[in-house]
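S.K.: Protein chains in written order, with my numbering: chain G, 1 to 85; chain S, 1 to 130; chain Z, 1 to 117.
Hints may be right or wrong, so weigh each one.
[To be verified] Derived lysine-lysine pairs resembling DSBU-like cross-links, with alpha carbons at most 30 Å apart: (1) Z/89 - Z/58; (2) Z/58 - S/98; (3) Z/68 - Z/58; (4) G/24 - S/22.
Since the hints were made in silico from the structure, they are not lab data.
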Amino acid sequence: MIVHTINKVSALGLCDNLVAEDDKIILLEDGVYLGLQSLPFSVFAIRCDVDARGLRGLLAAQTEVIDYDDFVHLCTEADKVCSWF
Amino acid sequence: MNFAIVVHGAPYSSEACLSALKFARAVLESGHSINRVFFYHDGVHTANSLIAPPQDEAPISEQWQEFGIGNNIELIACIASCLRRGVMDETEANRYEKSGSNLASGFTISGLGQLIDASISADRVVTFGV
Amino acid sequence: MSSILFVFSRPPHGSINAQEGLDALLMGSAFTTCSVLFVGDGLMQLVSGQSTDDLGTKNFSLSFGALKDYGVTGIACSEPDLVARGLNKDDFLIEVETLNAAGMQAFIRNHDKVLNF
Numbered sequence: 001m002i003v004h005t006i007n008k009v010s011a012l013g014l015c016d017n018l019v020a021e022d023d024k025i026i027l028l029e030d031g032v033y034l035g036l037q038s039l040p041f042s043v044f045a046i047r048c049d050v051d052a053r054g055l056r057g058l059l060a061a062q063t064e065v066i067d068y069d070d071f072v073h074l075c076t077e078a079d080k081v082c083s084w085f
Numbered sequence: 001m002n003f004a005i006v007v008h009g010a011p012y013s014s015e016a017c018l019s020a021l022k023f024a025r026a027v028l029e030s031g032h033s034i035n036r037v038f039f040y041h042d043g044v045h046t047a048n049s050l051i052a053p054p055q056d057e058a059p060i061s062e063q064w065q066e067f068g069i070g071n072n073i074e075l076i077a078c079i080a081s082c083l084r085r086g087v088m089d090e091t092e093a094n095r096y097e098k099s100g101s102n103l104a105s106g107f108t109i110s111g112l113g114q115l116i117d118a119s120i121s122a123d124r125v126v127t128f129g130v
Numbered sequence: 001m002s003s004i005l006f007v008f009s010r011p012p013h014g015s016i017n018a019q020e021g022l023d024a025l026l027m028g029s030a031f032t033t034c035s036v037l038f039v040g041d042g043l044m045q046l047v048s049g050q051s052t053d054d055l056g057t058k059n060f061s062l063s064f065g066a067l068k069d070y071g072v073t074g075i076a077c078s079e080p081d082l083v084a085r086g087l088n089k090d091d092f093l094i095e096v097e098t099l100n101a102a103g104m105q106a107f108i109r110n111h112d113k114v115l116n117f
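Okay, chain G solo, but in the shape it has when bound (with noise of 0.2 Å):
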């Protein structure tokens, strides 16, 4: 399992289809925006950067709100992190 970490809206189009079946999307900074709709991965969003842009009530039902241990975590059980920016 690979992390993926997309970090604005437009780096998604560098990943969307590297991105394999078991991989895990984290969403952070302007990424958060993904968030909003529903993809077809694993996605999380990192809280601090949902909550500043007012999207908590506004994420697709898919989207796990996240705190940064949880981020720590998700690396640990990845096998490396590949970051889209």
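Given the coordinates of chain G, work out where chains S and Z should sit on it, guided by the hints.
M.R.: The following block gives chains S and Z in isolation, referenced to the frame of chain G:
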């Protein structure tokens, strides 16, 4: 587990520098370690001691300094990126005959080899880009 | 020794990201097994005939020819991104392997670390 953290973004210009700090703190709070934080691209601006943000904004560079010094973690600023952007320690300022140096304490200027070495030796490498 | 995959996704010249990414790749190849994957507008780094004389930036594209000498043998690009830009491999400065989605996923899996630029 041992982490290498790479920062590409300048404080205030992008959020990357702040995100990386939050991540770095969470790594230690989770009981893991950090072998090195490598500042590359505009990330080297973090090491500029002349940054003076308004009082009601977080002193991001100082927070990095405190994090590095307080936890004895290497904060390396890439020398090539630094020289292009005017971040210098005394040695480099003298070498290039500049009027002053501005490297913040807690940071060290070193080469790209430090990025590669950290990436190889860490269990995980996480980049905060812009 | 960990192998490192460098992923280049930025076009050249508009920012220094691409040039500093290549610097990191060349340094990395001195230490360990390194490969490179070009995705998105990163493919534009490879286009031949770049001339920066009038722009005043460094034409670092010339350094791509040295990758093989540095021992970087895994050089690949995204096939979907190549097609999307109306390019083909003849437009490139160097020999590049094209990978489909499954190929790129395997390429990433087969390296220990990934550094994105």
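S.K.: Each hint: holds or not?
M.R.: Going down the list of hints, with the structure as the test:
Simply put, residue 89 of chain Z and residue 58 of chain Z have alpha-carbon atoms about 24 Å apart, close enough for the 30 Å limit, and the pair holds. Annotation: proposed proximity of residue 58 of chain Z to residue 98 of chain S holds, straight-line Cα distance about 24 Å (limit 30 Å). Straight-line distance between C-alpha atoms of residue 68 of chain Z and residue 58 of chain Z comes to about 21 Å, which keeps the hinted pair within the 30 Å bound. Distance check on the hinted pair: residue 24 of chain G and residue 22 of chain S sit about 20 Å apart at the alpha-carbon level, within 30 Å; holds.
Violated hints are absent here; each numbered hint is respected by the structure.
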